[in-house]
Amino acid sequence: FEATAYAEFSGIIDHLWLMIAAFLVFLMQAGFAMLETGTVRQKNAKNIMIKNVMDLVVGAFVWWGFGFPFAYGGGDYSGGPANGFIGAQGFFFINGYDSCEGGHPSECLYPIAPSIDSFAGWLFQWAFAATATTIVSGAVAERCSFIGYLVYATFITGFIYPVVVHWIWSPYGWLTAFRDPSIASGAWVSPGVVDFAGSSVVHMVGGCTALVAAAILGPRIGRFDANGNMKAFAPHNAAFVGLGTLILWFGWYGFNPGSTLALSGGFVLLAEKVAVGTTLAASGGGFAAILMCFIKYRHLDLPPLCNGILAGLVAVCSGVAVSEPWACFVIGLIGGLFEFWFAIAIQKMKIDDPLDAAAVHFGGGFIGMLCGGLFGSRINTTAAYSEDQPCGAFFGCGGSQFAVNLLAAVMVMIWSMGMGTIVFGAMRLAGILRISPEEESMGLDVSHHGGAAYDDGKNHDSSGFEK
Amino acid sequence: FEATAYAEFSGIIDHLWLMIAAFLVFLMQAGFAMLETGTVRQKNAKNIMIKNVMDLVVGAFVWWGFGFPFAYGGGDYSGGPANGFIGAQGFFFINGYDSCEGGHPSECLYPIAPSIDSFAGWLFQWAFAATATTIVSGAVAERCSFIGYLVYATFITGFIYPVVVHWIWSPYGWLTAFRDPSIASGAWVSPGVVDFAGSSVVHMVGGCTALVAAAILGPRIGRFDANGNMKAFAPHNAAFVGLGTLILWFGWYGFNPGSTLALSGGFVLLAEKVAVGTTLAASGGGFAAILMCFIKYRHLDLPPLCNGILAGLVAVCSGVAVSEPWACFVIGLIGGLFEFWFAIAIQKMKIDDPLDAAAVHFGGGFIGMLCGGLFGSRINTTAAYSEDQPCGAFFGCGGSQFAVNLLAAVMVMIWSMGMGTIVFGAMRLAGILRISPEEESMGLDVSHHGGAAYDDGKNHDSSGFEK
Amino acid sequence: FEATAYAEFSGIIDHLWLMIAAFLVFLMQAGFAMLETGTVRQKNAKNIMIKNVMDLVVGAFVWWGFGFPFAYGGGDYSGGPANGFIGAQGFFFINGYDSCEGGHPSECLYPIAPSIDSFAGWLFQWAFAATATTIVSGAVAERCSFIGYLVYATFITGFIYPVVVHWIWSPYGWLTAFRDPSIASGAWVSPGVVDFAGSSVVHMVGGCTALVAAAILGPRIGRFDANGNMKAFAPHNAAFVGLGTLILWFGWYGFNPGSTLALSGGFVLLAEKVAVGTTLAASGGGFAAILMCFIKYRHLDLPPLCNGILAGLVAVCSGVAVSEPWACFVIGLIGGLFEFWFAIAIQKMKIDDPLDAAAVHFGGGFIGMLCGGLFGSRINTTAAYSEDQPCGAFFGCGGSQFAVNLLAAVMVMIWSMGMGTIVFGAMRLAGILRISPEEESMGLDVSHHGGAAYDDGKNHDSSGFEK
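Here the protein sequences come in this chain order: Z, F and G. First residue of the first sequence: 1, per this note's numbering; consecutive thereafter. First residue of the second sequence: 1, per this note's numbering; consecutive thereafter. First residue of the third sequence: 1, per this note's numbering; consecutive thereafter.
If we strip away everything but chain Z, and leave its shape as in the complex, we get (with noise of 0.2 Å):
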């Protein structure tokens, strides 16, 4: 009776949290579409809030036809062994169950380990999965067509993503740090990558396809003008702007936390200490955003403060369980640092990324992967990973950790690039990329989405008919 109840709860208690920490990351969707929403220009508001909310419809069919199997599916078509580079198993959640093999029915209709292969993983994952692709939907903002929507998310979420989560978070990955010998086959790298929370697996999948698609797509007409110079679009809602940070930061308590993907066997203790972290880095970030845009225009703008903190979150992702506190803050600090630089080197290279998602998530990602390799003390390396994980080259470990995540960080760099440019420069020579420069004056909400985002009412007479 013991050793059952003992499984049983902590299994509850483990699948419990996956679900919630699901849940908060799904709600990073809606901060992701106000964000998003508040920072494009009025007439492209209903559009873009439409591609945020097409994320997850689309997401949703592509990540359980093709994307969690390519992620987490072991084996391969023909029924060979799982290899490093994709998996190709449990398409349409068909013939995906491995514990169904002999064991009690109850087992053949739900998957039972909660870190990958049950559903709540599956609705854990499907969310990072949006996040990636909700990434590249602000950079491509207010000019991107339609199809050329379509075509990139279904290939973001069921494709170039999958395929790096592959690598690093499955167990048969070859830069994994779970790799488990009795199933994987094929080289792979040791130490396998610290990626906590997916700095390099989702924010620079996201970040990088999000600058090559930018520059493939080309700037908003009149952003540069003939000499060069940038024009600044203001936001046009900046509350909205303040209040999707906020459900971000919140839905990253999801996100962080939610990724020790299990609360028993001491793993709620390395929760909250992650929980923790998020919260310095978060401030770090802001802190050293905020101190830029002062210094640099001698005002407080809410955009950079918004960004900075997202940096630093996006750059904790990382190291943030192998890492104390105060090194979180410091890691936050100086992703916010990198973000505010690093975007207006984007803008200076004359590529026109409207939410510098970026600088944000491709920036404050690489910078993580970096930290990660760097602030990892011992003590927590071995609660979060093993004693055979390497600690940061700043606490005694030596370089191989720092090495193995730099490594990790140009692979996912040229994979995420390289995917980028064939997938938007293929749809640029077929010339379905981009809406006319007629549509775009307009504003596509009016030329493609039956309307204005908003009606203040002044086209009605007094009577309510419309005039």
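For the record, the hints were derived by calculation from the structure and aren't laboratory data. Please note that a few of the clues may not be correct.
The list makes no distinction among identical chains, and a pair is therefore deemed to hold if it is satisfied within one copy or across any two copies.
Calculated cross-link-like contacts (lysine to aspartate or glutamate; reagent style DMTMM-like; alpha-carbon spacing at most 20 Å) [said to hold, decoys possible]: (1) K348 <-> D225; (2) K231 <-> D455; (3) K231 <-> D456; (4) K231 <-> E440; (5) K350 <-> E387; (6) K350 <-> D225; (7) K458 <-> E324; (8) K350 <-> E440; (9) K458 <-> E438; (10) K348 <-> D388; (11) K458 <-> E440; (12) K458 <-> E439; (13) K458 <-> E8; (14) K231 <-> E8.
Mind docking chains F and G on chain Z? Use the hints.
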């Protein structure tokens, strides 16, 4: 010790789950508030927000006093046995705690059974009741009087909705699948209805009442011209519409998975399967509606997309626990499809439902009830209900479940529409249901609520003084 | 094994509960942000949003460095025993983990006891601290300088608030009901205060400081005319006001039920009773205020409704655990009633509090403290506190609890108003507290934050270029 500890932890986890789910369903009220506020015209934005907030204020009082006792109370006023039509015990929490008799004092203080008669159960059910009432506020928006609102909100939360809950979800009801013969008496239908999370109980009650309310109230001035052609009244804030939909989707993760009412005893696996089915149904509904919108109007608009998602979520409530995830996707697809055309049919009947609330909740709910009798597989039905509950007609169990679900849908329709006709018809006859044409032209915010919802400061001079 | 497993699961569940509650209370910051942003004039919308976001950024750093150690730390700087006035241990998480001494290394890594000295406890308490600070930002809105904001936010989060926490909630405080004689020293009041979730600790500290801050800062230009008549400054966005209130109500389900700090040992039943009491108090407060509004102004406006709900929620914080649900409804009713007239009284005193923050949090909190000594029933008080804690004066336990609660309320008032006078008075004397009249007329967004909060695109020509 062991059995005690087992019971204790099961209890804690089940109560905790119910609280979490209740909180999530509560937040759906914020989702409805934003969806409805964004959809109405600007001049009535404050009015609809006040009604959504009041739904909770009034609803808590009424649910405490009458609604919950009618829904889940056993016995009757005279102390006789429970009947299948309506409960009558525990008004204002007085004498409502069966578990108190002969037990330990602490059991008198707090009801124990988490599923329905605990405080957590009350809270969870209250949030459901508020949902049913809120649905109607969308259909009567922009022209219903405040006294009319107070009357119908009280009747729906306090009587129309609780009676249906008693029929279908209480252990006493004549249609319930959870009948407890040791405490229930009278005739009942066997097998009971499969309406896991309320396609009929919540959504059809709200949607059917909404339809008769909108019909009795009559269309908004200017909605239909002399030739009977409908004029589009565009949502005044599309960002609110999108935000509201995303919050509703988020809250649905309490609404559907929380309807397991427990996590122990294997229900955690059911809860997460339900969460996945809910996700895929939303996806299916969104796909169906946006496609229909494009086919019919040649553009992609936000309100149809949002209503399609919501219709998918509504439709899947009934059968989500007994269906495979792929079936949930199909159910959502059918729900979104049906809702799109049902909304147009309602408009053709010259009924003005500003939110398309009837199409989403009545239409989606009705389709959902049918699907709940068609798509249940044997293994899932056994896991969610019991071996005695028939599976769906498509899965080899014959048509009995379909017949019962159809019967329940028709009975709920008759009850809700009948009661709605009485309540709204009486108020119309009494002349208290609708505001005057002058007030309607002016907008409710200015005429009833002390001023417009928005103030852009243009009526203030530069020093901040009002002109 | 058994005892170990029992302790392990209790620990997991209690820590999990604290995390969930912390996340919910965190989200209240988004609620405050929307409520405050919606209520101020449009020209200061971005400013107030920045302050609300900065409350978390600054608050996290200060709470980490000083606030939490002052609040819950034992000992003093010189290593002496703990005192009842202020803690002095664990600055920046350094040497703050008592459980570390002699224990297992993993206990040195993560503090263990979930209630106050764990990371989850820190997070939960941090979210509370942010609330206290945010309350003040409403009262000084539209005219306070940014340096003034930074100074007072640091003082409240880092000193004024933590000292009161130490008095009333720490095991060391001179007013606490949770005194642990084995570690505490010095004189104390017995019985301790009943302030379960912070009517005094959080809300009176915020509300009292807010009142003196608004008084010292002076009214906004144009608020009172030459004859002393107040001009109404309408909220610029009623939808934000409603959304903010609903999010706050949602977050309150972490604030009050989470204040059990545990679910094990029967506390889950207390937590859900608290959730129900919280609901009914909000209902009572809303009813009272909307009724008063109708009686006084003959219309039903949103801000009074929202403030009434909030005042009910504030008032019930103190006694919610020791009172029956019906008593919570009554407490909310009284709170909403008192708040309505207190707000008018403050206006009559020519104090300009744009959010009526003092009326809601000081007024509601003060009433709540009195009710906490009046409405506690014996059985509820025993379940929530102990058999030694007196029940309320209305329930046969005499006036001792009322006397202690009144004493605490007065002491918190003296402390908060005194400290607030020093901090705000010093800044006023130094001439750094208030922006110039020109900046105020222009609005803070344009004068300090790089431009207006909203941009409707009318300054752009049709091709998207700015004019």
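Hints versus structure:
{"no.": "1", "hint": "K348 <-> D225", "result": "within (13 Å within a copy, 51 Å between copies)"}
{"no.": "2", "hint": "K231 <-> D455", "result": "between (27 Å within a copy, 15 Å between copies)"}
{"no.": "3", "hint": "K231 <-> D456", "result": "between (28 Å within a copy, 17 Å between copies)"}
{"no.": "4", "hint": "K231 <-> E440", "result": "within (17 Å within a copy, 27 Å between copies)"}
{"no.": "5", "hint": "K350 <-> E387", "result": "neither (47 Å within a copy, 66 Å between copies)"}
{"no.": "6", "hint": "K350 <-> D225", "result": "within (10 Å within a copy, 52 Å between copies)"}
{"no.": "7", "hint": "K458 <-> E324", "result": "neither (56 Å within a copy, 50 Å between copies)"}
{"no.": "8", "hint": "K350 <-> E440", "result": "within (19 Å within a copy, 37 Å between copies)"}
{"no.": "9", "hint": "K458 <-> E438", "result": "between (25 Å within a copy, 17 Å between copies)"}
{"no.": "10", "hint": "K348 <-> D388", "result": "neither (44 Å within a copy, 69 Å between copies)"}
{"no.": "11", "hint": "K458 <-> E440", "result": "between (24 Å within a copy, 16 Å between copies)"}
{"no.": "12", "hint": "K458 <-> E439", "result": "between (24 Å within a copy, 17 Å between copies)"}
{"no.": "13", "hint": "K458 <-> E8", "result": "neither (62 Å within a copy, 61 Å between copies)"}
{"no.": "14", "hint": "K231 <-> E8", "result": "neither (60 Å within a copy, 58 Å between copies)"}
In this structure, the earlier hints numbered 5, 7, 10, 13 and 14 are contradicted, and the remaining ones agree with it.
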